[in-house]
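Generate the whole structure from the sequences, applying the supplied hints.
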Amino acid sequence: MSSRNRQQRQIRGPQSALTDFLASHNISANQIRLDADARRRAAEADGDGAAPPQDAQATTASAAEPANENEDDTVAALPARGQRAAARLGQERRQKEQDVIDKIKSGKKKTSKRKSKDDDSDDDYELAKALSNAARPPGQSDNCAVCGKRFTVTAYSRNAPDGGLLCTPCGRELAKDDAVPKKKPKRLGNVEGRRQVQSKILDGTYHTGAKSLMTLCIETLAKNIDLADDISGLPSLVVDKIARKLSKHRLLDPNTLNLFIQPTVDELAIYDGAKLSADEYIRVIQTCPELKKLKIFNGIHFKDEVMDYLLSRHIELEDFHLHGANLLSDSKWQEFFQKKGRSLQSLKVSWTDKHFTNAALVVLKDTCPSLVRLKVMHNQSVSGDGIKGIARMPSLRHVSLDLRQTVHSDIYVDLVNRLSENLETLSLTRVANVDNTLLDAIHNKCRRLKKLRITDSEIMTDEGFYRLFTGWTNKGLEFVDFQNCRQLESMQPRLNPDGVGLCSKGFVALMAHSSRSLKFLNVQGCRHITRQGFEEAFGPDKVYPELVKLEISFCEEVTDFIVGSIFRSCPKLHELNVFGCMKVKDVRVPRGKILVGVPNAMGMVIDGDDV
Amino acid sequence: MASRLSRDEDVGDLPPTNVARNASKTYQWGGQKHGKNPATTIPDSDDLSDSDLSEPPDELVSDSSVGSLQGYIGTDDDDDDDDDEYDPTLPPRRDARDADEDDDITGIDDDDNDNQNDDEDEALDLLTVRGATANRRAYRRPRHKKRSMNDRERLLSNHPELKTLWTDLASQPILKAGKAEQPKSIKRQLKGFQLEGLAWMKAMEQTEWKGGLLGDEMGLGKTIQAVSLIMSDFPAKKPTLVLVPPVALMQWMTEIESYTDGTLKTLVVHGTNAKSKNLTVKDIKKYHVIIMSYNSLESMYRKQEKGFKRKEGIFKEESVIHQTTFHRAILDEAHSIKTRTTMTAKACFALKVDYRWCLSGTPLQNRIGEFFSLVRFLNIRPFACYMCKDCPCSNIEWGMNSDNRCNHCNHGGMRHVSVFNQELLNPIQKFGNSGPGKAAFKNLRTMTDRIMLRRLKKDHTNAMELPVKEINVERQFFGEEENDFANSIMTNGQRRFDTYVATGVMLNNYANIFGLIMQMRQVANHPDLILKKNSEGGQNVLVCNICDEPAEDAIRSRCKHDFCRVCVKTYLQSSVEPECPQCHIPLAIDLEQPEMEQDEVSVKKTSIINRIKMENWTSSSKIELLVHELHKLRSNHASHKSIIFSQFTTMLQLIEWRLRRAGITTVMLDGSMTPAQRQASINHFMTNVDVECFLVSLKAGGVALNLTEASRVFIVDPWWNPAAEWQSADRCHRIGQSRPCTITRLCIEDSVESRMVLLQEKKTNMINSTINSDDAAMESLSPEDLQFLFRGS
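For the record, the sequence lines run as chains A and B.
Positions 1 to 611 (our numbering) are the ones given, in order, by the first sequence.
Positions 1 to 793 (our numbering) are the ones given, in order, by the second sequence.
Rather than coming from a laboratory, the hints here were simulated on the basis of the structure.
Built from N, CA and C at the ideal position, the CB exists for glycine as well.
Misleading hints may appear alongside valid ones.
Said to hold, decoys possible - For the chain A half of the interface with chain B, some residues (derived, Cβ under 10 angstroms), not all of them:
| id | residue |
| --- | --- |
| 1 | CYS147 |
| 2 | PHE151 |
| 3 | PRO169 |
| 4 | ARG244 |
| 5 | GLY273 |
| 6 | PHE297 |
| 7 | GLY299 |
| 8 | ARG486 |
| 9 | GLY580 |
Right, here's the structure in full:
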């Protein structure tokens with residue numbers, strides 16, 4: 001280099017005519033180059049500490065010169081005016097050079113993309129390469145300046161805007177919008193959060209905005225329940241909420257149970273008795289002599305000995321709900337009714353295996369004169385004889401049955417005929433072989449019915465449902481559940497010549513009859529309700545002012561349009577279930593409504609935010 | 001049938017004596033009804049000429065169709081096999097097939113993985129083979145009765161004990177041992193019937209058979225009874241060997257530890273356990289209990305018997321386990337050796353053991369022939385023996401030298417008959433439940449009464465304090481588009497099926513037929529199972545295991561799960577001891593690794609989720625049915641945990657993704673996981689309240705799991721074999737469960753599934769009539785069953 005400085009007047013070798021010319025005007029190309037190097041080093045100082053190797057610099061130098069020569073043709077025309085002018089020119093030059101580099105860089109982008117060098121940009125390319133790629137020789141691995149990943153440095157690796165090298169993806173990103181630094185990969189907040197939100201919507205407990213203070217407190221308490229000593233001062237509603245929360249977290253055990261059993265309580269709900277033993281139940285009965293309402297879920301250890309103890313105490317239960325106590329024998333049940341039946345108003349028994357039998361139900365009529373509500377669910381033993389027993393209890397207003405034994409329609413008809421006067425709730429779950437005669441009986445007799453559930457009937461026909469709801473003098477129903485009342489036929493599933501199940505006609509009649517009062521409707525799986533049926537029921541002139549929850553899953557004919565119509569017709573609607581409605585694809589959900597079960601990848605629940 | 005005829009013609013050219021032989025050979029085809037081809041493995045009722053052995057005497061299956069079926073299994077049936085112990089240095093597992101003794105469908109069992117319940121195998125046994133033999137029977141009945149009579153007489157003269165075999169057995173009283181005392185070294189209080197079981201087991205060890213079969217229904221605590229038995233004569237001089245399915249390795253280990261407080265020194269022999277490397281007999285003797293999986297044992301035995309290929313040739317390595325003499329061998333889920341020609345079964349037979357025990361909740365899954373394998377393992381003489389018709393030679397092995405002559409008496413191999421087949425199998429197959437068949441049934445029960453103790457849950461609910469179990473079938477129908485798709489496959493399949501029937505080559509093409517059925521079953525789950533089998537047309541992007549979106553900047557953890565770099569970074573920061581969100585072992589991941597290449601090839605190997613196009617994806621009726629059921633379970637006062645079984649891992653992946661998108665937290669268990677991963681996943685499910693669903697591949701987790709935290713079981717696709725379904729249902733309905741259990745079988749009514757459910761019921765009848773000492777009508781499946789699947793009539 002020094003030799004070049006000395007031989008200023010001779011043009012030869014690597015020294016170009018331009019350099020020579022500039023030198024004659026007291027402008028040093030070397031100086032320009034050194035300046036450029038210094039700037040670059042300053043920029044790289046904080047990035048990658050490693051100094052560029054010497055030979056790289058040499059190539060930079062040799063490469064820089066022809067580039068200068070090339071680009072500065074116009075500048076060269078300027079006359080030289082002494083030192084100051086030269087200095088000013090130098091500055092302009094630097095400015096120019098920077099611009100050119102920028103230009104080159106963008107040019108390089110093209111070349112690197114195309115991987116072919118144009119002849120005219122050849123020099124530019126080399127310069128750019130020299131300027132930008134001095135840090136690492138190709139073939140070595142480095143960490144990317146932006147994303148921090150390891151990558152292999154190639155001749156095409158790019159400089160980061162603030163020093164260091166970029167991996168190929170980041171470089172490509174940078175190339176896209178050159179000046180703009182690579183934006184962070186998008187990710188909205190906490191991803192675990194999304195699943196949790198979905199989960200809450202699924203629970204129906206999702207609220208936008210902050211939770212109420214009470215909810216927060218209950219949640220905190222449930223989380224730290226082992227620290228709580230006493231919750232006796234709290235209102236019963238709150239205690240119930242805590243109990244629910246605990247059971248949901250499966251935290252109810254002999255220790256936490258103590259919080260709920262106080263001598264003064266008259267209402268106790270054990271939502272998950274799975275971890276409690278017979279001794280705990282005895283303790284409950286011991287400590288709560290005032291008990292009126294007792295509700296136990298998963299109470300497998302509520303055995304004969306517990307019942308014996310209960311019978312020996314002066315507890316007069318009014319409301320007894322026992323779930324999953326299948327070790328309690330039938331004779332104990334009968335004994336219970338005989339001794340404690342007088343005060344009993346509500347009895348719910350579920351999951352009892354074969355131990356809650358017809359005999360127990362027959363005993364009921366003589367022993368529980370004030371019984372209003374009776375619910376026997378998931379029972380494998382009760383059959384027609386037991387129902388005949390129920391039919392002779394005129395006090396009953398609410399009857400819910402879910403029996404695994406097949407019972408003939410006539411017995412249900414008899415039940416309806418005898419109890420119809422007071423009957424408000426009739427719930428018959430999984431009655432596959434019950435036919436239209438039951439519907440006709442309801443039509444003829446029932447005048448006070450509010451809740452009607454008949455599910456899984458394979459025989460009832462559309463005509464039967466139509467007859468039921470046409471000209472029925474009963475007031476509008478509030479709760480209707482006809483799920484899976486449909487034809488079960490595997491050979492010709494699409495045809496339904498006999499109109500088996502709830503189809504369009506019956507559906508329209510139902511909606512017309514109960515339009516004012518209906519709050520809850522479930523027609524899941526009634527797959528022969530046609531599009532026209534839905535469109536008629538939810539037409540522009542129809543309003544269902546009270547409807548809150550609607551379940552139309554597995555109704556094939558439901559389309560986006562029908563879902564839209566439903567939202568229009570049901571101002572109070574909170575939740576609409578459309579599982580398995582394959583024709584629902586892309587619906588706009590109004591604000592405050594929830595659409596559950598759209599069969600795509602959107603997430604299960606769409607919470608409306610459309611106005 | 002055409003092939004059958006041609007065979008007869010072939011033989012017709014032979015000298016007259018051979019014709020006679022052939023006649024009796026046809027007689028013997030009845031033996032095949034039970035699928036595992038006793039005709040070739042065991043010379044039961046007659047004398048196949050030696051020359052016949054050289055060619056596969058079974059024309060049910062042409063080699064090519066086996067091959068194609070095998071390929072079929074490899075690709076379509078998903079990777080449920082527990083191949084965690086697969087040794088790449090070994091030749092592919094076709095050994096059993098290579099031997100010419102094994103040329104029918106049993107080969108499939110081996111290839112896939114012999115201790116798995118092989119779906120295809122069973123279905124085929126069930127349908128085709130039975131159908132075939134049922135038809136064949138018509139051909140052969142009356143001829144040459146005399147000849148077989150003569151044979152019988154000779155046999156009896158050489159083995160007079162056979163005459164009084166059953167009366168002798170019946171005169172032995174059924175062992176009633178009363179109740180044992182609670183063993184002091186067992187920390188848990190045993191229930192009454194468990195103590196009875198223990199006493200019975202101890203008493204059985206004193207009898208000549210030195211062991212037996214504990215056939216208690218699932219969930220009655222077979223494990224604790226077995227552990228108590230081990231403790232009953234602790235410390236024994238020699239160790240005890242426990243063989244289990246891979247999924248239960250860790251569970252046995254922990255149960256032994258918790259019951260005995262670590263008194264027993266236990267070793268888990270598994271490829272991933274460093275201690276089990278380079279074991280010597282001496283090492284083994286230091287332990288009290290050795291636990292290993294059937295697969296490991298099979299692999300060791302194979303190395304010893306067949307050797308393994310290296311560059312320099314075939315090496316053989318002596319199996320340490322087979323060198324060691326054990327005090328006691330316990331086969332958990334003993335139906336794993338139900339096919340006695342498999343290497344696994346042979347490996348078990350070859351063990352040197354003083355006392356032998358089988359534990360199985362479902363000792364009989366498909367055929368009565370399966371029972372033979374257990375009898376053989378238990379060395380129940382003389383029932384497991386082969387007897388020579390020409391001399392008093394009687395041996396447990398049917399060993400032949402190179403001339404196909406018996407190693408002992410040097411009479412022709414085919415002159416030996418299996419007592420079990422002769423006395424039990426053949427009459428039952430030939431006559432069903434009437435005449436001699438009925439007598440054989442009675443005899444079978446006489447035998448099972450004496451070697452097996454079986455208690456049913458329904459008899460002990462009160463003692464076990466078991467909650468109620470309810471089994472439901474949820475039925476739904478296809479949506480319109482799905483229906484079109486299913487119909488196109490169905491009609492296509494039906495046409496081909498009809499062609500096969502018309503040309504009389506149905507049985508030659510069973511692999512194809514089976515392929516059709518398989519497709520129809522997959523369609524019922526989700527069309528993507530067929531459409532997205534390959535990566536074409538999908539989005540082919542890796543999906544992050546944390547956010548369930550296409551992974552941005554995908555990186556992979558050591559346990560081979562993919563994440564967005566950002567997701568996993570935040571995830572790592574948010575917890576102290578991060579575990580993999582997918583398999584729940586401690587998470588090890590290099591955050592600075594280069595982004596993963598997302599090419600089609602690499603994506604194809606991973607989950608089906610990576611192959612679908614998310615934005616256009618539509619669910620299926622089956623999946624929605626499941627999601628809807630789960631949605632209904634949501635309640636503000638209870639959290640229900642569910643186990644979801646499917647036999648297609650792709651289906652599980654789809655379900656998992658759908659559920660996660662829907663806000664339901666899930667855990668998955670499939671055959672590709674290591675024991676540590678399995679255990680971690682199980683623990684995660686059992687201890688974490690928020691985890692609602694446990695997705696389990698039926699083959700990998702259908703047995704031996706104890707998941708009492710769950711109270712719901714969903715069986716996504718019906719299974720050929722009802723016993724496998726009961727097994728899976730009983731993962732949660734077992735001792736320790738305190739919530740009512742619901743088993744829900746999901747069924748698409750207008751698909752092939754509704755018919756499979758009906759077929760299952762037929763099978764159930766067979767099982768009930770033998771094992772459960774129930775005289776329900778013994779119904780055998782007819783060839784019409786296959787047609788029923790297609791035509792529904």
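Going down the list of hints, with the structure as the test:
{"no.": "1", "hint": "CYS147", "verdict": "holds, 7 angstroms"}
{"no.": "2", "hint": "PHE151", "verdict": "holds, 6 angstroms"}
{"no.": "3", "hint": "PRO169", "verdict": "holds, 7 angstroms"}
{"no.": "4", "hint": "ARG244", "verdict": "holds, 4 angstroms"}
{"no.": "5", "hint": "GLY273", "verdict": "holds, 8 angstroms"}
{"no.": "6", "hint": "PHE297", "verdict": "holds, 7 angstroms"}
{"no.": "7", "hint": "GLY299", "verdict": "holds, 9 angstroms"}
{"no.": "8", "hint": "ARG486", "verdict": "holds, 9 angstroms"}
{"no.": "9", "hint": "GLY580", "verdict": "holds, 4 angstroms"}
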